Amino acid sequence: MKADPAGVLTGTHFLRGNDACCEGAIAAGCRFVAGYPITPSTGIIERISKRFPYTKGEFIQMEDELASSIAIQGAVWGGARAMTVTSGPGFSLMMEHIGLAVMSETPCVFVNVQRGGPSTGLPTLPGQADMMQARWGSHGDYEVIALCPDSPQECFDLVIRAFNLAEKYRVPVMFMMDECIAHMSEKVVIPEAGEIEIEPRRYTDLPPGEYQMYQPDDDLVCPMVKAGDGYRFHVTGLTHDQRGYPVISPECQEELIPRLIDKIIKNEPDIRMIHQDIPEDAEIVVVSYGITSRIVPMAIQMASEKGIKVGSLRPVVVWPFPEQVIRELADRVKAFVVVEMNCGQIYYEVERCVAGKAGVYLAPHAGGTVHKPEQILNKILEAAK
Amino acid sequence: MTEPNPIESYLRMDRMPHIWCPGCGIGTSVNCFIRALQETRLPLDKVSIVSGIGCTGRVAGYLNLDSFHTTHGRAIPFATGLKLANQDLKVVVFSGDGDLVSIGGNHLIHAAQRNMDITVFCVNNFNYAMTGGQYGPTTPISATASTAPYGSFQMPFNVPKLAESAGAVYVARWTTYHVRQLKKSMVDALNKKGFSFVEIISPCPTLYGRKNKLRDGLTAMQWYKKHSVMKQHPSTAEIDLGLRTYILVGKFVDIERPTFLDGMNARYEQVRNSNKRG
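In the order they appear, the protein sequences are chains A and B. Residue numbers for the first sequence follow our numbering, beginning at 1 and rising by one. Residue numbers for the second sequence follow our numbering, beginning at 1 and rising by one.
Hints listed in this document are in silico derivations from the structure and should not be mistaken for laboratory results. The model shown is predicted, which means the values in this text are computed figures rather than measured ones. Just so it is clear, CB atoms sit at the ideal spot from N, CA and C, and this is done for glycine as well. The reader is advised that the hints may include incorrect statements.
Simulated restraints, written as ranges between beta carbons of each label pair [as the list claims (entries may be wrong)]: (1) A/Thr120 - B/Arg272: 34 to 42 Å; (2) A/Ile257 - B/Ile7: 50 to 58 Å; (3) A/Thr124 - B/Met230: 27 to 35 Å; (4) B/Pro17 - A/Ile257: 52 to 60 Å; (5) A/Gln61 - B/Ala237: 42 to 50 Å; (6) A/Ala366 - B/Asn191: 31 to 39 Å.
Distance condition first, Cα-Cα at most 20 Å in a straight line; then the derived SDA-like pairs of lysine to any residue [what the hints assert, rightly or not]: (7) B/Lys161 - B/Ser274; (8) A/Lys56 - B/Lys161; (9) A/Lys226 - B/Pro4; (10) B/Lys46 - A/Gly307; (11) A/Lys56 - B/Asp45; (12) A/Lys56 - B/Thr245.
A few chain A residues that face chain B, going by a derived Cβ cut-off under 10 Å, partial list only [unchecked claim]: (13) Phe32; (14) Thr204; (15) Tyr211; (16) Leu220; (17) Pro223; (18) Met224; (19) Asp229; (20) Phe233; (21) Pro297; (22) Gly356; (23) Lys357; (24) Gly359; (25) Tyr361.
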């Protein structure tokens with residue numbers, strides 16, 4: 001399916017990341033946004049509220065993030081593509097509804113423009129410290145998908161991918177921006193609508209009566225329905241059977257939860273998206289994501305001037321984590337340097353996958369601004385010793 | 001063979017028996033709702049029911065409609081998104097007093113203030129029953145609850161007054177003794193454009209009732225019958241509930257004002273027709 005031309009601002013633009021994210025969402029077919037103002041994400045809902053009357057979308061500013069994060073799920077079951085947009089403390093308030101979307105298999109997008117934390121932290125300055133929260137923030141065992149754009153162009157391109165993945169796997173997708181890319185302006189090329197691929201919602205072909213709410217296809221994803229079409233279906237956050245009925249038993253839990261996890265983990269190669277530039281003879285691989293990966297090339301250049309062969313690996317999809325890729329690299333490089341704007345989150349994932357086969361070094365940053373190339377270089381030099 | 005109950009086709013009979021205790025008023029409320037649905041002749045495929053969490057939160061699961069059992073307190077914002085995305089639907093929220101007034105209180109007042117196009121039925125049993133009878137936002141002063149063992153001393157909400165103050169266009173209160181009046185109010189609420197709200201005073205024999213001398217359903221019904229009062233032009237200002245006070249029932253609000261959808265659709269249309277581009 002191709003994008004609806006009505007929403008696509010084809011052309012070359014100079015846009016902030018927040019604006020590009022908004023345009024990407026509209027191009028992806030998003031027609032319902034519920035949000036609550038919070039820095040530094042607010043620019044997205046401001047532009048959405050301006051654009052939606054012209055694209056037959058609906059924006060509502062809810063009373064809080066709890067409301068926003070569930071209003072979008074009501075909208076999805078009403079037939080819309082929907083997202084909510086927030087930052088820092090707002091993301092914390094949304095956690096319960098990430099769990100609801102996982103459990104009810106409601107495809108939707110949560111945009112988190114990361115700022116410095118914890119608590120009110122650094123409202124106007126960047127951070128990347130919500131990565132583990134995106135992964136684990138709601139209670140219970142589950143898997144979601146998270147993407148990290150590193151430019152306004154990627155805010156456009158990847159939010160479309162976020163919507164597509166949400167639909168394909170019926171899962172909430174975390175779109176993990178940060179204050180830097182939200183507020184920086186760069187060239188953004190928006191293609192013709194006919195060049196933008198849209199994953200259609202996976203509606204069932206079966207008539208009411210034959211359809212079972214949570215009967216998965218071979219890829220473990222269940223075809224969906226929407227309200228008003230005569231299916232008389234039930235959606236619950238309780239553990240449920242294939243009919244969607246609550247069943248409070250270990251047997252039902254054992255049937256449901258591993259499927260919800262496996263539908264993401266077993267499809268990881270399809271979901272995976274990595275940008276890498278790793279020479280055959282690389283000794284060190286720098287792992288970074290989001291805005292931080294924009295600093296890494298300079299550090300690598302500085303290292304190569306000192307004769308150290310360094311490659312770079314950037315998971316664009318951070319969750320599910322590309323474990324296999326790291327494991328294979330660990331067999332042929334000396335060390336990894338993980339650069340992130342937090343005090344060590346993805347670092348532990350890399351360390352887990354490397355499993356002692358190579359060194360793993362962290363170039364941390366508590367947030368508020370990006371790394372200096374020298375900070376990364378120093379860690380590369382330490383790793384190369 | 002016995003005749004099937006005329007409301008069976010509205011229920012998910014494959015989910016019976018339900019979880020509610022003998023003497024609980026939620027089943028009566030559901031019965032009245034189904035009879036109200038019958039009377040409105042709404043196309044059932046276009047009726048969605050949304051519940052939060054708690055005993056009344058289980059209502060959605062038993063009704064043979066498109067049904068959503070959401071999170072604690074958040075039925076109203078879920079219903080808001082559902083209605084906005086699919087304006088053809090009749091969206092009904094059916095939940096309890098703890099869910100709608102305490103944890104979901106902010107959503108209740110905002111939806112009423114927006115005049116969101118949904119109908120809310122609030123079953124008030126004066127306590128958190130699902131979790132074992134703790135005091136809640138409606139527990140009368142001096143009533144006993146598992147977390148108010150010496151009697152509650154916290155001023156409860158007058159729920160219809162709250163709904164009216166926030167802007168609901170239809171507000172009524174009945175007890176589960178008043179099945180005909182309750183059904184009639186439910187019909188009115190379902191037919192009302194905008195945010196309509198009905199409080200249903202309901203017995204909880206197992207928990208609230210046991211602790212407060214309304215030990216079984218019949219005792220509660222007799223209490224409601226004896227102590228319910230109706231009057232001409234009742235005001236929500238005079239309907240506070242105490243442990244042993246009379247219960248003023250009736251319709252308190254029935255007004256017209258533009259709904260959220262009226263406002264949004266008109267404004268968006270106006271913008272589209274103007275020359276200014278987004």
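Are any of the numbered hints broken by this structure? If so, which, sorted upward? 2, 3, 4, 5, 6, 7, 8, 9, 10, 11, 12, 14, 15, 16, 17, 18, 21, 22, 23, 24 and 25
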